[in-house]
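Spelled out from the first residue to the last, the chains are:
There are 4 protein chains.
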Amino acid sequence: MPRPKIEDAQSRLLQVGLELFASRGTERVNSNLIARRAGLAIGTFYAHFSDKQALLREIELRTLSGLREARLKAIRQVPVNRREQALKTVEAAVHFAERHSEAYRVAFGRERAGAARHGAVVSESARPLAEGLRQLQIEGRISANLNLELAARAYLSMELGTLLWWLEDPSRATAAELIETLSALHPASITS
Amino acid sequence: MPRPKIEDAQSRLLQVGLELFASRGTERVNSNLIARRAGLAIGTFYAHFSDKQALLREIELRTLSGLREARLKAIRQVPVNRREQALKTVEAAVHFAERHSEAYRVAFGRERAGAARHGAVVSESARPLAEGLRQLQIEGRISANLNLELAARAYLSMELGTLLWWLEDPSRATAAELIETLSALHPASITS
Amino acid sequence: MPRPKIEDAQSRLLQVGLELFASRGTERVNSNLIARRAGLAIGTFYAHFSDKQALLREIELRTLSGLREARLKAIRQVPVNRREQALKTVEAAVHFAERHSEAYRVAFGRERAGAARHGAVVSESARPLAEGLRQLQIEGRISANLNLELAARAYLSMELGTLLWWLEDPSRATAAELIETLSALHPASITS
Amino acid sequence: MPRPKIEDAQSRLLQVGLELFASRGTERVNSNLIARRAGLAIGTFYAHFSDKQALLREIELRTLSGLREARLKAIRQVPVNRREQALKTVEAAVHFAERHSEAYRVAFGRERAGAARHGAVVSESARPLAEGLRQLQIEGRISANLNLELAARAYLSMELGTLLWWLEDPSRATAAELIETLSALHPASITS
DNA sequence: AATGAATGAGATTTCATTCAT
DNA sequence: TATGAATGAAATCTCATTCAT
Numbered sequence: 001m002p003r004p005k006i007e008d009a010q011s012r013l014l015q016v017g018l019e020l021f022a023s024r025g026t027e028r029v030n031s032n033l034i035a036r037r038a039g040l041a042i043g044t045f046y047a048h049f050s051d052k053q054a055l056l057r058e059i060e061l062r063t064l065s066g067l068r069e070a071r072l073k074a075i076r077q078v079p080v081n082r083r084e085q086a087l088k089t090v091e092a093a094v095h096f097a098e099r100h101s102e103a104y105r106v107a108f109g110r111e112r113a114g115a116a117r118h119g120a121v122v123s124e125s126a127r128p129l130a131e132g133l134r135q136l137q138i139e140g141r142i143s144a145n146l147n148l149e150l151a152a153r154a155y156l157s158m159e160l161g162t163l164l165w166w167l168e169d170p171s172r173a174t175a176a177e178l179i180e181t182l183s184a185l186h187p188a189s190i191t192s
Numbered sequence: 001m002p003r004p005k006i007e008d009a010q011s012r013l014l015q016v017g018l019e020l021f022a023s024r025g026t027e028r029v030n031s032n033l034i035a036r037r038a039g040l041a042i043g044t045f046y047a048h049f050s051d052k053q054a055l056l057r058e059i060e061l062r063t064l065s066g067l068r069e070a071r072l073k074a075i076r077q078v079p080v081n082r083r084e085q086a087l088k089t090v091e092a093a094v095h096f097a098e099r100h101s102e103a104y105r106v107a108f109g110r111e112r113a114g115a116a117r118h119g120a121v122v123s124e125s126a127r128p129l130a131e132g133l134r135q136l137q138i139e140g141r142i143s144a145n146l147n148l149e150l151a152a153r154a155y156l157s158m159e160l161g162t163l164l165w166w167l168e169d170p171s172r173a174t175a176a177e178l179i180e181t182l183s184a185l186h187p188a189s190i191t192s
Numbered sequence: 001m002p003r004p005k006i007e008d009a010q011s012r013l014l015q016v017g018l019e020l021f022a023s024r025g026t027e028r029v030n031s032n033l034i035a036r037r038a039g040l041a042i043g044t045f046y047a048h049f050s051d052k053q054a055l056l057r058e059i060e061l062r063t064l065s066g067l068r069e070a071r072l073k074a075i076r077q078v079p080v081n082r083r084e085q086a087l088k089t090v091e092a093a094v095h096f097a098e099r100h101s102e103a104y105r106v107a108f109g110r111e112r113a114g115a116a117r118h119g120a121v122v123s124e125s126a127r128p129l130a131e132g133l134r135q136l137q138i139e140g141r142i143s144a145n146l147n148l149e150l151a152a153r154a155y156l157s158m159e160l161g162t163l164l165w166w167l168e169d170p171s172r173a174t175a176a177e178l179i180e181t182l183s184a185l186h187p188a189s190i191t192s
Numbered sequence: 001m002p003r004p005k006i007e008d009a010q011s012r013l014l015q016v017g018l019e020l021f022a023s024r025g026t027e028r029v030n031s032n033l034i035a036r037r038a039g040l041a042i043g044t045f046y047a048h049f050s051d052k053q054a055l056l057r058e059i060e061l062r063t064l065s066g067l068r069e070a071r072l073k074a075i076r077q078v079p080v081n082r083r084e085q086a087l088k089t090v091e092a093a094v095h096f097a098e099r100h101s102e103a104y105r106v107a108f109g110r111e112r113a114g115a116a117r118h119g120a121v122v123s124e125s126a127r128p129l130a131e132g133l134r135q136l137q138i139e140g141r142i143s144a145n146l147n148l149e150l151a152a153r154a155y156l157s158m159e160l161g162t163l164l165w166w167l168e169d170p171s172r173a174t175a176a177e178l179i180e181t182l183s184a185l186h187p188a189s190i191t192s
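Residue numbers (the working numbering), protein chains in the order written: chain Z, 1 to 192; chain X, 1 to 192; chain A, 1 to 192; chain S, 1 to 192.
Hints may be right or wrong, so weigh each one.
Where chains are identical, the list cannot tell them apart; a pair therefore holds if satisfied intra-copy or between any two copies.
Derived SDA-like pairs (lysine to any residue); straight-line CA-CA distance at most 20 angstroms [to be verified]:
(1) K52 <-> T26
(2) K52 <-> E27
(3) K52 <-> G25
(4) K88 <-> A47
None of these hints come from the bench; they were simulated from the model.
Quick caveat: nothing in here was measured; it's all calculated off a predicted structure.
Just need the whole structure built from these sequences, with the hints factored in.
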C-alpha cells in the first residue's frame, strides 16, 4: 500500500477527475470511481476535496484562470491596436480550447451551462472586452449605436458556444476557420 | 382515493414539470415531486412518461417546434428581402423567449447545455440560416469570405446564450436592446 | 370495441395466460400483459379471475384433472393386472406431459415447486398408487419390505421431476425411452 | 451510527438470508429485510452482493459443494463395491439434507424448481452416478436394458423431490425409512 | 494523511388492483 | 359485462459521505 505524497494525491485526483468528467459527463461519474481510478481510497478523496463539487470547482477555477492568462498574454503581444488586440484574444481562446479540450469542456460545457457558463467565462471577460470596444467606439472605428455591454456578452456567448460545439468533434472545422469566423462576427469588426 | 381531475393528466404533468424544472433545475426535481404537485400518483406519471427524461424531452420537443413556427411565421411576413427576413427571425426568437421564458430555459438552458443545445436549437436552424446567407452572399450583400455554415452556427449560439442569460434576470436588458444588439452582430449584417 | 362473450373472454385469458406463463415463467408475466395479449382490458381480467393467482390455480386445476383422467383411463384399459395398470399410468403420464407440455410445465414446474408440486400432483396420486402396490405386495409380487407410502411418493416425485426436465428440451430423450426407464424404476417392478 | 459488528458482514448476510429464505420463501424476502435483520444498512448489502439473486446463488453454490463433498466422502468410505458406494451416497444425501435442512430447501427447493433443480443438483451428480451404474452393468449386476443416463437423472430427481417433501415436515418419515426406500428404488438395486 | 467498509437518504420503477364510467 | 386511467405500496439500487483504524 503505497502512500502517495500530498501533492501527488491531489493532482492525481484532479487529473483523473478531469478525464472522467470529460469522457462521461459530470453526472455519470461518482467520487468513488474517481478515487479508485486515481489509485486512492475514497477517504483520500475527501481528505483533499470537501466534496465532488469542490473538485469540479477547482477544475473550473484553474481552467478559467488559464484562459484569462492566455487572453492577457495575447493582448500584451499587440499593444498598439485595440482591434488587433480584440482579435488576438479570439485566436488565444481558440488555441486554448484546442490545447485544453477536456478542461474546457468540463469547466464550461455540458451540464454546467446557464449560470456557471455566463457567471464565469462570459461575465469575467465581458467587462474588459466592453472597455476595449468603448475605446474603439470613441475612436470612431466601430458603430456608435452598438450597446457595448450587450455586444461583449453576446460575442463571448458565441465564442463559448461555438468552441464547445467544435470540441465535441474537432473535425467539424479547423482552428483557422473558427478564428476567421469568430473574428468576422466580433463586435470589434462591426464598422458600419 | 381521489379520481381524475378535469384536466388531462398528461398536460398537468407537462405543465407542472415545466414549472418545477424552471424553478429548481432538472437535477433538483424528481418524478415523485412532479406527480405529487400535479395532484397525481406516481404511477400515473409512469403511465404517461417512461421516465423523467421523457417528460423533459417532450417539453424540449414542444418548445423547439414552437420556436420553429415563430421563426417561420416571421420569415413569411417579410417575403421580399433576405436580410430583413433574417433580422425578423431575431426579433421572433427574442419575443418567443420572452413569452415562453420557462420553457425556453428548461428546454435549452441550464444543465441541458453542450450537446442538447447545439444538437437541437442551433443545429436545426443552422441550415436554413446558412442558405439564406448564401443568397445574400450571391447577391453580394454580405462578405464573400464568410464561412456561412460556421457563421450561422456561431450566430445561433450567440442568440441562444444571450437569451438564456437574459431570461435569468429580464431586468438585465430590454427586448429591444437585445434585438438591436443581436441584429447588429448577425452575419446578415456583415457587409464589409 | 367488440364485446367478446363471457366464455370467450375467460378462455382467452386462460389460453394466453398459459402461453405467457410457459414462455416467460410466472414471475415475468403480469396481469396487464395477459389481458392486453388476450385483446381485453385489464378490468375484464378481474371480472373473470379474482387475481393472478386465481388464473394460475385454474390452469393447475385443469391440468391436474386432465392428468387424473388420463391415468384413470389408462387403468381402465387394463383391468386385470395391477402391475400392468401401474405401468400403463406411467405411459399415460408421459403422453399427457408430451401433449400438454405448456400446461404441465406451468402447473407443476418452474417456480411452482415444493409445496405446490407435492401438494398437488404427487399427493393426489400417491394414495391410489400405494393401494395398488399393496395389492401387489399381498399377492407377493413385489418386495415385502417396501414402505409403500414412501415408495409411491418417491416414484411420483421421480416421474414429475424427470418429465419436467424432459419438457425443457424434448430432444433430450424419446417418450419411449422415458417410459422404459420410469417403468424399470417403478416400485411395481421391484420384485426382489 | 452503529459500526461494524464483530462478525463479517458478508457471512451475516449469508446466514440471515438463509434463515429468511427458508422461513418465508425467496419471494417474500427482500434485500432491505435481510440487511435490517443482519443489523446492517441496505447499502452494505449491495456492497457485498450485487443483488438478491447473487446472495441466493452463493447459498446455492455453497450448499451444492457441501452436498458434493458429502457424497464423495461417502464413496471413499466404501471403496470396494460399486453398489455399496451408490447406496452410501443415498445415505449421505439424506443425512446432508437432514443436517442442512434450511440450506437444502433454499438452494434446491421451493420456487427454485425446474431449471435450477435439475440444472444444479441433478445434472452435477448424474454423470458420476451413470458411470458407476455402467460398471455395475458391465459386471452384470444390474439389468442390461437400463438406459443409464436417464436412470441416473430419474433417480436423482426422486431423491431430490422426496427429500424436499420430507424436509417440509420431518415427522413424515424417519431418515432410516427414507434411506431404505430410496435405496430400494435406486437403479443400482435393479437387478432383474 | 490514508484507508475503505459501512451508512442511509432518496430516487427510480413496477404492477396488482380499484372503480367511475 | 367491459373498460382502462389511476392508484400507491413496495421493491430495487445508487452514491455522496463518514469515521474508526
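| query | Quick check: which numbered hints come out false for this structure? | reply | 4
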